[in-house]
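Visitor: Below, each chain spelled out in residue letters.
2 protein chains.
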Amino acid sequence: MPLGNVDRFLSPTGRDLHASAIRRMGTVAERHPDLISFAAGYPAADLFPLDELRAIAVDLLQGDGDVVQYGPTSGYTPLVEALTGEMARRGVTVTTPRELLVTTGSQQGLDLIARVLVGPDDAVLVELPTFTGALSAFGNARPRWLAGVRQDAGGIDLDDLARVTASLRRHGTPPKLLYVVPNFQNPTGRLLSQERRLALLEWAEQQDCLIVEDDPYGALYFEGEVSPEAVRPLKAADRSGRVIYLSSFSKTLAPGFRVGWMVAPAPLVERFEIAKQAGDLASGSLDQRIACEAMRRGVVDRLVPRLRATYRARRDALVASLRSRLDGRLSWTVPHGGFFLWATLPEGEQDEALLERALEERLIFVSGSAFFVDGGHDTIRLAFSAAPEALIDEGVARLARALGRGSVARS
Amino acid sequence: MPLGNVDRFLSPTGRDLHASAIRRMGTVAERHPDLISFAAGYPAADLFPLDELRAIAVDLLQGDGDVVQYGPTSGYTPLVEALTGEMARRGVTVTTPRELLVTTGSQQGLDLIARVLVGPDDAVLVELPTFTGALSAFGNARPRWLAGVRQDAGGIDLDDLARVTASLRRHGTPPKLLYVVPNFQNPTGRLLSQERRLALLEWAEQQDCLIVEDDPYGALYFEGEVSPEAVRPLKAADRSGRVIYLSSFSKTLAPGFRVGWMVAPAPLVERFEIAKQAGDLASGSLDQRIACEAMRRGVVDRLVPRLRATYRARRDALVASLRSRLDGRLSWTVPHGGFFLWATLPEGEQDEALLERALEERLIFVSGSAFFVDGGHDTIRLAFSAAPEALIDEGVARLARALGRGSVARS
Numbered sequence: 117m118p119l120g121n122v123d124r125f126l127s128p129t130g131r132d133l134h135a136s137a138i139r140r141m142g143t144v145a146e147r148h149p150d151l152i153s154f155a156a157g158y159p160a161a162d163l164f165p166l167d168e169l170r171a172i173a174v175d176l177l178q179g180d181g182d183v184v185q186y187g188p189t190s191g192y193t194p195l196v197e198a199l200t201g202e203m204a205r206r207g208v209t210v211t212t213p214r215e216l217l218v219t220t221g222s223q224q225g226l227d228l229i230a231r232v233l234v235g236p237d238d239a240v241l242v243e244l245p246t247f248t249g250a251l252s253a254f255g256n257a258r259p260r261w262l263a264g265v266r267q268d269a270g271g272i273d274l275d276d277l278a279r280v281t282a283s284l285r286r287h288g289t290p291p292k293l294l295y296v297v298p299n300f301q302n303p304t305g306r307l308l309s310q311e312r313r314l315a316l317l318e319w320a321e322q323q324d325c326l327i328v329e330d331d332p333y334g335a336l337y338f339e340g341e342v343s344p345e346a347v348r349p350l351k352a353a354d355r356s357g358r359v360i361y362l363s364s365f366s367k368t369l370a371p372g373f374r375v376g377w378m379v380a381p382a383p384l385v386e387r388f389e390i391a392k393q394a395g396d397l398a399s400g401s402l403d404q405r406i407a408c409e410a411m412r413r414g415v416v417d418r419l420v421p422r423l424r425a426t427y428r429a430r431r432d433a434l435v436a437s438l439r440s441r442l443d444g445r446l447s448w449t450v451p452h453g454g455f456f457l458w459a460t461l462p463e464g465e466q467d468e469a470l471l472e473r474a475l476e477e478r479l480i481f482v483s484g485s486a487f488f489v490d491g492g493h494d495t496i497r498l499a500f501s502a503a504p505e506a507l508i509d510e511g512v513a514r515l516a517r518a519l520g521r522g523s524v525a526r527s
Numbered sequence: 117m118p119l120g121n122v123d124r125f126l127s128p129t130g131r132d133l134h135a136s137a138i139r140r141m142g143t144v145a146e147r148h149p150d151l152i153s154f155a156a157g158y159p160a161a162d163l164f165p166l167d168e169l170r171a172i173a174v175d176l177l178q179g180d181g182d183v184v185q186y187g188p189t190s191g192y193t194p195l196v197e198a199l200t201g202e203m204a205r206r207g208v209t210v211t212t213p214r215e216l217l218v219t220t221g222s223q224q225g226l227d228l229i230a231r232v233l234v235g236p237d238d239a240v241l242v243e244l245p246t247f248t249g250a251l252s253a254f255g256n257a258r259p260r261w262l263a264g265v266r267q268d269a270g271g272i273d274l275d276d277l278a279r280v281t282a283s284l285r286r287h288g289t290p291p292k293l294l295y296v297v298p299n300f301q302n303p304t305g306r307l308l309s310q311e312r313r314l315a316l317l318e319w320a321e322q323q324d325c326l327i328v329e330d331d332p333y334g335a336l337y338f339e340g341e342v343s344p345e346a347v348r349p350l351k352a353a354d355r356s357g358r359v360i361y362l363s364s365f366s367k368t369l370a371p372g373f374r375v376g377w378m379v380a381p382a383p384l385v386e387r388f389e390i391a392k393q394a395g396d397l398a399s400g401s402l403d404q405r406i407a408c409e410a411m412r413r414g415v416v417d418r419l420v421p422r423l424r425a426t427y428r429a430r431r432d433a434l435v436a437s438l439r440s441r442l443d444g445r446l447s448w449t450v451p452h453g454g455f456f457l458w459a460t461l462p463e464g465e466q467d468e469a470l471l472e473r474a475l476e477e478r479l480i481f482v483s484g485s486a487f488f489v490d491g492g493h494d495t496i497r498l499a500f501s502a503a504p505e506a507l508i509d510e511g512v513a514r515l516a517r518a519l520g521r522g523s524v525a526r527s
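Chains as they are written, first to last, in this note's numbering: chain G, 117 to 527; chain Z, 117 to 527.
If we strip away everything but chain G, and leave its shape as in the complex, we get (with noise of 0.2 Å):
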């Protein structure tokens, strides 16, 4: 007899999966090759530094089998050792090796803590719009309350932090953690200040509530407009163990290793390892020496100001097409790194009706709506990192048809 619908099987969480609706651009984007995509924050594949991660790949299949045997859950102990190096050059001191744990890209991070952390009678808070795949997995933890905090230009609003935190404790929920993104912030780009960092950290600890910091984008900020003291993490500043931070490969190397890290305290680390060994045994034993011998080669560090550069030279192009073409019909925030560009639709305009519109021209971008709980409809993401400079401008001129074809259907 077949099985027929499924849905019996299906355990609470089986049931609310939400896809993510960049990875479902993605799908999108392998279907129509002539598409221009500002959707997927994928880094710029013309600049992977192939020729040096070939040699690298070489030289670690010349030696022993270890390279691709099974290895400690924790991660593989020299890049332990070169991440506790770039943690210091970041201003964070890993005291020991228990303080950090390499992931299998920091999504898996984010599912390990919201796994460890998140039941179902907590109170978890984010910064509204904010990443996707944050909501996804502190979402499938099934927390009571998984509340949003506004942002302004600066990036999370400390007014509005306050009358969230204090509604939740009416409500006898009391926030347990706040995830957020300091560091040009996916989707907004936003740079938070150090000031409303250290005043997080302030919060965190009246509050006894722990921060998740998110930290992709830090390396790239753009140089010139932002001084590296002002990506400085809050786990810096961190005193008494309230940050989890996370980071990377993905954006200063490249993301198919699927090699991230997170740096906590060493009891929370313990208990991430312990959900990481049922998760996935233990990261790409090759890909975690991939990435070490490019940090010991110096690969990262002579790759970065290039990103930098490029990353720089993409948003120039965007924001020149965007003011050229839709000024006044457009608005945005200018971005100072990373890979994202934020944009306020004309009133009367919809994300979701846009991004159909945009489809029929060709070009694909993210609905704003898929970074809120709700709302958010007057937004979308353009993706800047992955579109060639020749690019963008037909891109920004297939955007401006469809708004236009919008106008002329309202009028």
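Keep in mind the hints are simulated off the structure, nothing from the lab. Built from N, CA and C at the ideal position, the CB exists for glycine as well. Careful, some of the hints might be misleading.
On the chain G side, residues computed to face chain Z include the following (Cβ under 8 Å) [unchecked claim]:
1) P118
2) A135
3) Q224
4) L326
5) P371
6) G400
Now the stretches of chain Z that chain G is said to cover, found in silico as 3 or more residues with beta-carbon under 8 Å [claimed, not checked]:
7) 124 to 132
8) 183 to 197
9) 309 to 320
10) 351 to 365
11) 388 to 402
Over the 12 Å line for every Cβ pair with chain Z, so calculated as not near, a few chain G residues [as the list claims (entries may be wrong)]:
12) R131
13) S437
14) S485
Following the hints, complete the assembly by docking chain Z onto the known chain G.
Guide: Coordinates of chain Z only, in the frame set by chain G:
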């Protein structure tokens, strides 16, 4: 103020996590390089086809940037196609790519199944003893019952299955899924007969239950002892779509790539894929391509006969040593494939106490009780896969000394 005890931040899952006894042994082994290990089920590192892997890596990294870019969550398309072909060779027809999901090792497959299917009101059945990674994954989903079914020399005991099923039904929680490792089970090494496999399918149909079939060792049958037909998966006879089949490259190519796959009805795979998005976005791009190329170039096909011969020779060495040194004191089942020999201790001996004494003799193995929900203290698992033949007899000599010291202590 320091964070203090972190227990107040843990979710119910986070509080209940149990570290894997096998992974813990791995940590012990790293600290004592002069140990002989019969503990972890590591494949033989000396057989990894490093030269061919190096050639593949060089060719791949001479291509375009896609090789280290983000990829689709469902898996690298040519790998999905190659695996569809591999499943056909195993007797399983995959009718659409939507029935197959590439996973970050089989462990991730288990974890996705647990999260998408298992909730707090459910009952999950496992063979006892069973793979600890499955116990962790299902345990983390916190089902009401994680119930064990006994095995006899032929594998899972159908009478006990009927008994446990009836008991769960009386409690109002009919089983939702049964987890089995039919080929050279971990930890017992047993091969389930085709007759019992068909009986399991019939049972699942009657009970409206799913079966999770974990098959990492099927290719590693010992030629001359077991026919290829004997390892044919349950999934090959699954007409209604009740079997979720898992396999991996970890035992036939190398585990460091973290590439596994699952085959299930498309509506279930769709859910697993969405859960994987939040888990790690996608499995490693380079790893998947290497595995794919290793299949295409015949590396896996050429390797597997050598693996069978090597593991059989190691099994032979282990059994010969046990016969000569421990006959009458230890009893065991001779496995006809896979990595493991399961042994029962003399009366009065206890697995953990023996392991402590073995450690003093510089030998490790895994306590049998690690593979049970509770009990099993009169058993141990000896993995012969990673131990060079030359060391096996010395390992057994150490085991004999550790056992001998136990009798002295008791006398």
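Visitor: None of the hints should be skipped; say for each whether it holds.
Guide: How the hints compare with the structure:
1. P118: With a minimum Cβ separation of about 5 Å from chain Z (threshold 8 Å), the hint on G/P118 holds.
2. A135: With a minimum Cβ separation of about 5 Å from chain Z (threshold 8 Å), the hint on G/A135 holds.
3. Q224: holds, 5 Å
4. L326: Because about 6 Å separates G/L326 from the closest Cβ in chain Z, which is inside the 8 Å limit, the hint holds.
5. P371: holds, 5 Å
6. G400: holds, 5 Å
7. 124 to 132: Per the Cβ count (7), the hint holds.
8. 183 to 197: holds (count 7)
9. 309 to 320: Check failed, 0 qualifying residues.
10. 351 to 365: holds (count 3)
11. 388 to 402: It holds, with 12 qualifying residues against the three required.
12. R131: The claim is violated: G/R131 sits with its nearest Cβ about 9 Å from chain Z, within 12 Å.
13. S437: holds, 24 Å
14. S485: The claim holds: G/S485 sits with its nearest Cβ about 18 Å from chain Z, beyond 12 Å.
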